[in-house]
Amino acid sequence: MQVSPAIEARGLVKQFDGKRAVDGVDLTVPEGSIFGILGPNGAGKTTLLRILLGIIDPDQGERRLLGHANPLEAAHLVGYLPEERGLYPAMKTREAVAFMGALRGLPIKEGRTRAEGLLRDNGLGDYADKPIKSLSKGMAQTVQLFGTIIHRPRLIVLDEPFSGLDAINQARLESLIRAERAEGATIIFSTHVIAHAERLCEQIAIIAGGKIRFNGTVAEARDRLEPQVRLRTRSEDGPWRAALPATAELRDGLWQFELPHSGIEPLLRALIDGGAGIEELSIERPGLHDAFVAIAGPQAAMEMRESLGAELEAAQ
Amino acid sequence: MMGFLRAAYVIGRRDFVSSVYSRYFIFFLLGPLVIIGISALIGNVTQKVAQQSTRTVVAVISSQAEYQEINQARDRLGAAIGDRSLPDLVQYEPDYDVSAQTRDLLAAPDKRIVAVLTGGARAPVLTGSVDKDGGLRKEVGLILDEARQHRLLESSQSTVSPTDVRVVTTAESAGALARARSATAGAGQLLLFFLTVLLSGMLLSNMLEEKSNKVIEVLAAAVPVDAIFFGKIVSMLAISLVGVTVWLLAAFGVIVIWTAGGPSLPEPAVGWPLFVIMLFVYFSINYLLLGALFLGIGSQAASVREVQTLSMPITVGQMLIFVLAQVASAAIHSPIGIIAAIFPFSSPLTMVSRAAQSPEFWPHLLALVWQGLWVWIVVRLGAGLFRRNVLKSGSVTARPA
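Taken in order, these protein sequences are the chains called F and S. One point on numbering: in numbering that gives the first Met the number 0, the residue at position 170 of the first sequence is 169, and numbering is uninterrupted. One point on numbering: in numbering that gives the first Met the number 0, the residue at position 22 of the second sequence is 21, and numbering is uninterrupted.
If you're looking for bench data, these hints aren't it; they were derived computationally from the structure. Fair warning: this is a prediction, and the values are worked out from it, not measured in the lab. It is possible that some hints are incorrect.
As the list claims (entries may be wrong) - In the EDC-like style, the derived pairs of lysine to aspartate or glutamate whose C-alpha atoms are separated by at most 20 Å in a straight line are:
1) F/K132 / S/E208
2) S/K110 / S/D94
3) F/K136 / S/E208
4) S/K213 / F/E82
5) F/K108 / F/D120
Please model the entire structure based on the sequences and the hints provided.
See the structure below:
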């Protein structure tokens with residue numbers, strides 16, 4: 000039996016002020032996967048997620064969420080953590096979590112019971128009867144995340160979930176995402192932090208300028224680039240230099256170049272026979288960051304770094 | 000449909016609980032009661048002061064015996080036509096110079112004398128700021144005629160017993176009934192209008208909380224915006240009904256205590272029980288209609304300042320609707336009466352007036368279906384505008400999210 004995808008989108012277009020925020024996006028998110036949408040700020044990630052969830056409609060194209068053409072019909076199967084967190088400040092913590100579950104069809108009594116358990120298991124039991132406004136920012140964010148998963152959704156959509164969290168809470172969130180995945184949920188999240196996507200995702204989409212530049216597994220993204228060779232030799236010059244590709248660069252006495260298509264063995268032979276005197280040689284598989292730079296372009300990569308830097312600064 | 004109602008219930012329940020269980024709700028309940036209490040107190044005091052200060056006082060310069068005759072005649076007439084219909088009389092013994100005494104009395108600011116009567120009943124002269132053919136001259140003339148006739152009858156030692164007018168009481172007359180029901184219609188309309196004005200304005204700023212807290216994104220991703228709107232206006236109606244019930248019970252209690260027996264408004268055409276039910280139903284539908292409109296308009300506002308700016312034109316609009324309903328109330332079967340009953344925003348006020356004046360029930364069923372349809376249309380329009388302009392759904396001139 001063929002498993003239908005959790006999300007399917009074809010030709011999505013969304014325009015604001017004559018500018019295309021989402022420009023002809025095709026996307027398929029397999030059921031049961033952890034799917035990352037990578038891109039710098041303003042790339043169109045949030046707009047894309049809002050279209051997929053049915054908060055806004057696209058100008059063109061169509062989307063199906065868990066098989067439903069109208070995403071709101073599947074709302075009870077979906078959990079959503081928006082980028083701009085929002086809770087009623089005067090509401091008690093337990094009630095806030097239960098309320099978010101009730102919005103998705105979970106009976107309020109059941110919601111309260113589950114909220115109690117979630118808060119207790121995550122060290123927030125003492126805050127169950129406290130109003131949201133008495134919580135720290137990180138705690139409130141965690142509470143909202145509990146509200147996102149309280150009804151045990153089949154699809155969890157997280158928009159920049161790591162934003163504003165400290166290292167401990169980021170690690171806790173990663174564990175939670177993996178746990179939900181293990182329970183069979185599909186998780187899709189947007190981020191501009193490549194490390195999170197690299198650690199968590201089976202599949203990613205790289206988005207820049209409203210267009211999907213890449214859609215596939217992390218391994219496939221990395222495979223876009225050849226492995227990188229790093230070589231240090233005793234000899235500065237000699238016949239062995241002919242074995243290096245023309246693109247090889249020498250930085251701080253270390254040669255760096257892509258592994259030739261012919262493979263490592265002919266290269267090694269030529270270096271030894273040419274009297275290079277190999278001191279150090281390593282072959283590194285490219286990281287997702289390298290793949291991102293290659294796919295989205297250096298400009299997008301710089302924007303990613305800038306937004307990450309700004310976020311870290313804000314967190315400090 | 001069940002999903003829609005469930006979602007609206009969840010939204011409405013949250014709003015209701017957060018408002019009613021808030022410590023500030025007691026101020027919401029007490030506010031109008033305090034205003035009514037203070038107004039009643041001030042009204043009572045000022046009425047007494049006004050009654051005293053607006054009585055017409057006529058000074059009578061005469062002997063004590065002559066004054067007694069005139070004053071007794073005044074009292075006899077007052078018992079028949081009402082004490083307030085006649086001027087108050089105050090006696091002054093004649094001085095040596097009566098003309099000067101008259102001038103002094105009219106000039107004395109503390110005595111509040113409007114006119115001075117001299118010459119007794121036989122050669123009366125009324126001096127003062129009095130119209131020659133005015134009411135005061137006729138009233139004083141009536142008193143003096145009564146005094147003279149009484150003296151004549153006494154001197155001839157004959158008596159005239161009061162005429163016994165036989166009264167035949169009918170259940171009602173068309174004219175009296177129409178006038179009475181018109182008064183009830185007016186009272187019903189006024190009550191409905193003031194309660195709606197007082198309470199529905201809250202909906203203008205109702206979406207600001209969700210927008211400022213960014214909760215709206217969570218809500219809009221989970222339930223249809225129509226359900227959010229519907230849940231909000233129904234919860235605000237429920238909160239208002241709690242208030243209205245408390246205020247009406249308090250007002251009823253005060254009236255019963257003050258009037259020792261309860262209010263005595265003319266009975267409406269459909270009877271009191273049905274009329275009271277209709278008042279609640281039409282208040283509810285009027286609230287939902289205007290509330291949906293206000294929520295739709297208010298949800299477009301980005302700040303409290305914008306909401307405040309919108310409040311004034313909206314209040315003016317409500318006043319115009321009230322005027323239309325009042326005009327229609329005077330002639331419910333006229334073209335203007337029918338137009339006001341059809342126009343959705345004046346329909347509840349007009350139909351309340353109709354319930355007081357006409358016993359037909361079926362127009363009310365028709366009107367309620369019609370008004371309910373318009374509640375739905377206005378909610379849909381408001382939600383559509385919210386999706387388009389605030390959530391930025393559809394092609395609009397807006398910044399990307």
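Hint check: F/K136 vs S/E208, CA-CA at most 20 Å. Holds or violated?
Given pair F/K136, S/E208 holds - Cα atoms ~19 Å apart, limit 20 Å.
Holds or violated: F/K108 to F/D120, with C-alpha atoms at most 20 Å apart:
holds, 19 Å
Regarding the pair F/K132 and S/E208, is the alpha-carbon distance no greater than 20 Å?
Given pair F/K132, S/E208 holds - Cα atoms ~14 Å apart, limit 20 Å.
Does S/D94 lie within 20 Å of S/K110 when you go C-alpha to C-alpha?
holds, 17 Å
Please work out if S/K213 and F/E82 have their alpha carbons no farther apart than 20 Å.
holds, 10 Å
Comparing the model with each earlier hint shows no violations; every hint is respected.
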